[in-house]
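A.B. asks: Chains A and B are the protein sequences, given in the same order. Residue numbers are given in this note's numbering: position 152 of the first sequence equals residue 152, and the series is strictly consecutive. Residue numbers are given in this note's numbering: position 135 of the second sequence equals residue 135, and the series is strictly consecutive.
Simulated from the structure, these hints should not be mistaken for laboratory data. Just so you know, not all the hints are guaranteed correct.
[Unchecked claim] No more than 30 Å apart at the CA atoms, straight line, and that leaves these computed lysine-lysine pairs for DSSO-like:
{"no.": "1", "chain 1": "B", "residue 1": "K25", "chain 2": "A", "residue 2": "K244"}
{"no.": "2", "chain 1": "B", "residue 1": "K178", "chain 2": "A", "residue 2": "K60"}
{"no.": "3", "chain 1": "B", "residue 1": "K178", "chain 2": "A", "residue 2": "K142"}
{"no.": "4", "chain 1": "B", "residue 1": "K178", "chain 2": "A", "residue 2": "K231"}
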Amino acid sequence: MKIKILYLTGLIVFIFGCSKDTTVPIPSPGSSFIKETDVLQKESKLLMEGVYSVTSGSEKFGEYIILKWNHSGLLLTCNNGLHFIMQAGHLDSVVFVQGYWRDGYSDATGLCNMYISKSEGGTTIVTRNGAQKIIIRGAYGKNNGLPDQVLTLEYLRPFSDHVKNSNYYILSHRCGGRNSDRLPVSENSIAMVRFTEQLGTTGIECDPRISSDGVVFIYHDPDINTRLTQKGPLAGDVSAYTWKQLSTFVTLIHGEKIPTLEELLTFAIDSTELRFVYMDMKSAEAVPTVIPIQQRALQHAAEKGRDIMIVLGIPTTDVLNALKAYPDYQHVPSLCELTVDDARAVNAKVWAPRWTLGTQNDLVQEMHNDGRLAVCWTIDSPNWIQNYIENGHFDGLLTNFPYVEAYYHYIQE
Amino acid sequence: MQFPHPYPQWGFKISAGLAMVRPPKDLLENSYQAPLVNIHMIFGLPWKFSLESELTTLIVSNQLTLGPRFSYLYKNLGVKVGWDVAFIYGQLKQGGFDNSLQAWIHYPNLSVGYKLKRMSFTVKGELVVVTKAVSKSGENEVNNSKNFLNGCTVGFYIEQRIHKNKVFAIGIKDNYEKFYWPTWMIYTTFNRYYHIPELSFSWIL
Chain A
1 MKIKILYLTG
11 LIVFIFGCSK
21 DTTVPIPSPG
31 SSFIKETDVL
41 QKESKLLMEG
51 VYSVTSGSEK
61 FGEYIILKWN
71 HSGLLLTCNN
81 GLHFIMQAGH
91 LDSVVFVQGY
101 WRDGYSDATG
111 LCNMYISKSE
121 GGTTIVTRNG
131 AQKIIIRGAY
141 GKNNGLPDQV
151 LTLEYLRPFS
161 DHVKNSNYYI
171 LSHRCGGRNS
181 DRLPVSENSI
191 AMVRFTEQLG
201 TTGIECDPRI
211 SSDGVVFIYH
221 DPDINTRLTQ
231 KGPLAGDVSA
241 YTWKQLSTFV
251 TLIHGEKIPT
261 LEELLTFAID
271 STELRFVYMD
281 MKSAEAVPTV
291 IPIQQRALQH
301 AAEKGRDIMI
311 VLGIPTTDVL
321 NALKAYPDYQ
331 HVPSLCELTV
341 DDARAVNAKV
351 WAPRWTLGTQ
361 NDLVQEMHND
371 GRLAVCWTID
381 SPNWIQNYIE
391 NGHFDGLLTN
401 FPYVEAYYHY
411 IQE
Chain B
1 MQFPHPYPQW
11 GFKISAGLAM
21 VRPPKDLLEN
31 SYQAPLVNIH
41 MIFGLPWKFS
51 LESELTTLIV
61 SNQLTLGPRF
71 SYLYKNLGVK
81 VGWDVAFIYG
91 QLKQGGFDNS
101 LQAWIHYPNL
111 SVGYKLKRMS
121 FTVKGELVVV
131 TKAVSKSGEN
141 EVNNSKNFLN
151 GCTVGFYIEQ
161 RIHKNKVFAI
171 GIKDNYEKFY
181 WPTWMIYTTF
191 NRYYHIPELS
201 FSWIL
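Next up, chain B with everything else stripped away, as it sits in the complex (with noise of 0.2 Å):
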């Protein structure tokens, strides 16, 4: 799925996936420790293009990604170039609370790839810039931010045909950014960028 390749006209293919991140102790205090899960689409279209679409949630927190690749194969090399955009939409009710989210990001990236015979080797980079991000807590909006960008994040894939053609992924990706979408409700104020890593696991189907 991170390997980038032209994939066959009208094709589709889905993985599924879980994604462990430690946000820094200054936006999160108490270690809560809980998996992003991931579903991850590809559908393939004419001319090397393809559509990608990705589901991230954490009950509380969600993201809906959408966008365009055009691939290109040279013998074992392959360049993937793309522009996702996301919506995210949270909700907090529990415990008190009455919070909400909702935010569009734009996510254009760049993915080259190495693959040999049963293992390919992917590094992606993107660039994250939100154009909307407004954050409530009941009727009051405590939070209203346009068009910044937020940072980048670069991935690192290794893909591996496991059976038949079932294919395991593991991958490290470091998120530097301002304003972290899974935690918002926690309103950080801060104005500076931290390393976010994320290490996910997933099955291609």
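The shape of chain A in the complex, shown without the other chains (with noise of 0.2 Å):
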């Protein structure tokens, strides 16, 4: 008796110390200002790109903070995680500017105002007209709480030549961004090649795999599982049931479905700014399926005039080799995670290594002398970003942080 009493307080008590993944919950501020401002013009919006020091503020934010507009509204990044995604409007000769912080490595976020008045910058934004000289000001809060922690920000400089002119990709995984970054929407969903934008992304990786049925869908994990999906009736090998059982039964942790490839890809095209599309192929078998989707969504761009990249990876020897039996698969755009060699016998137009392999700048050069993009997957590290971006010669980083790698790749010289 007395062993079982043990048993099951032992039981108990490990089963109620079990914590639930949480979202970070983006904060609101009742009612959105920006709603009742006129539209920027993008002439007006290139005025306010640009590197800003941080006069109020820095002991949170850093000396420095890079402000870049997306597709969705206005990203300010600092070097250390924190970053503000928030929207712009104005009102006469001033402009508003209203959203949200968050840290991306931590839980911590606030709501965020601030406004540029006439005087300071104001005039020449919306005019288009006289001295980029700009102040933004206002304040930044705690959660719901009212802002009200003074964050000034000054105009130092536009984005250097070597940055305007270079053709560089700030990749983010699985769409833009994984639950574990406790992020609004759920990772390889179409809300999250939507959302992450907003987070200075440029291009996204995503997980194809393949239903018992042969339609290619994006999801990362194997099985069905919690990390991923709401509870509901399926369980075990996700590319064991059909589309119709997937699509039907399986919704993902934030409440969207599971896009195929190709509403992905279509989204992607039609309803993005995005330039680059890593298919990171979890499944040999999918290869030959892939691949026509592949082409169709090329042929899409190309009729809507966007300049966007879609490559189908090759992480494993197996999809290597896949690939190789595809008929003329040194036409089929790639990118090779393993030796520069095997890039070259497919062809692929970007080599892709592990960043713990280092720079390798030598290897990323003989990769250029070919006619071939380098970039590398997946540094996270701050310092790394840092790094890698200063020393190293990739066309761009595969990371968790898209803001990070903003910051780092925009504010250089």
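Build the complex from these two chains, which are given one at a time in their own frames, with help from the hints.
C.D. replies: Right, here's the structure in full:
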């Protein structure tokens, strides 16, 4: 009897000790003032972009902040994972900027309200005339609390010619972010593709798998689990189910449906400004099915005049061999994670080594000499992102923290 | 082994056990499950002091702790205070990886226990202070952290005499930490605390 009590106690404590993973909620100001403002013209937005010095608030946000517009709004990003997801508009000659900040490495977040007065750059931005002297004043807060900490940014310089002229890709993992980053949308979902541009992403990595009836869909893990999905009737090997079963019964953790590869590519082409899609093949069997989808997507992109690279990722020799078995495989745009010789053997457009192998500048130069790009994966530490951008010659880095990569890319002189 | 009481001078006790750990999904996305093997030794010293040492291993992650204790027993109630210093060594050379870790962690700790005739109940709390943690991939230093409060742990242990002098112990421990040493090889960049439950079973030999 005593032993039973002993076991039971242990079991109950263990079960209740398990913690539930959470999402960091997006702070809500209650009402959005930005909706009442006028939209800024493209030229006005470009005038705002650049490097700002932080004259108040540098103890939290660092010495400099990068301001960069994207498809959905405005990103302000720091060197330490702190970033602001903002919207902006103008009333008369005053520019209003409103949104929230978040620390990508922790759960810290809060509201932020800022403005640019007429005399401190508002008139220049709105009329696109005059000296480019911009001071952004405002405050930030904690969670849903009223912003009460002063933040002042002063325009320092535009992006360098090196940055403006480079064809650099800020590549985000799993369509833009992992579930463990506690973003408001699920990894490998259409919603994530929409969301990730706000984080500074210019290209995405996704994870194609194939269903038992031959439909290619985007999903990272080999099994249906509560890390990726809400509790439902299906379990076990995700590829053992038909597409109808998956699309009917599986809901991603934040309520989205699993996308097909076709849906994802169409969305990326039609509804974003992304320039790179890296299909990290999770199954060699899917290769012959993925290639025609890739070809149709590239055709669709060409018709729409979209400059977007869509490459078939080769992470294993199984996938490499499956590609080699495909007719005319050397004309399939691919990204090879294996050796440079493997990349050459399949005429890969991109060579993508693991970051822990180092910057490998000699091999990157060889790839460039061949007319190939080189990107590396998956690099998350701010120090290493800085190191690889400053000392490496890669054409892009795959990361879970695109705003950090954006900071170190755009701040280059 | 967990219940606080003065040990006989120069006396020696040893226990062996397993601990099942469930790291949060943020750290380990795939549900790798492997038990931590644990050897715990106590050596009695004069004046109610003792020296405790623990070796915990997962093959690729290993921790060796050593630290003094002072124990006091009043009727059925025992109290023990101590300070452990741990060295952690990890190496992963399989599957194309060439990763390693060396770290030093301090665990100041306090235990309070109550004993019955054949059972004892102990609550143990400890602070976890990392003084140095260096992880490498090949020759690249991936992380070099120094001197931070990593969190705390709270454990509840039941020890029961099963047969003659053989004692079985079951414990549940909540590690509330940022850096959980057995998972060093994933190089997490998150700066947030996690509750990591640990269920342990051990035999006091």
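A.B. asks: For every hint, state whether the structure bears it out.
C.D. replies: Here's how the hints hold up against the structure:
| no. | hint | verdict |
| --- | --- | --- |
| 1 | B/K25 <-> A/K244 | holds (28 Å) |
| 2 | B/K178 <-> A/K60 | holds (21 Å) |
| 3 | B/K178 <-> A/K142 | holds (22 Å) |
| 4 | B/K178 <-> A/K231 | holds (28 Å) |
Every hint from the earlier list agrees with this structure, and none is contradicted.
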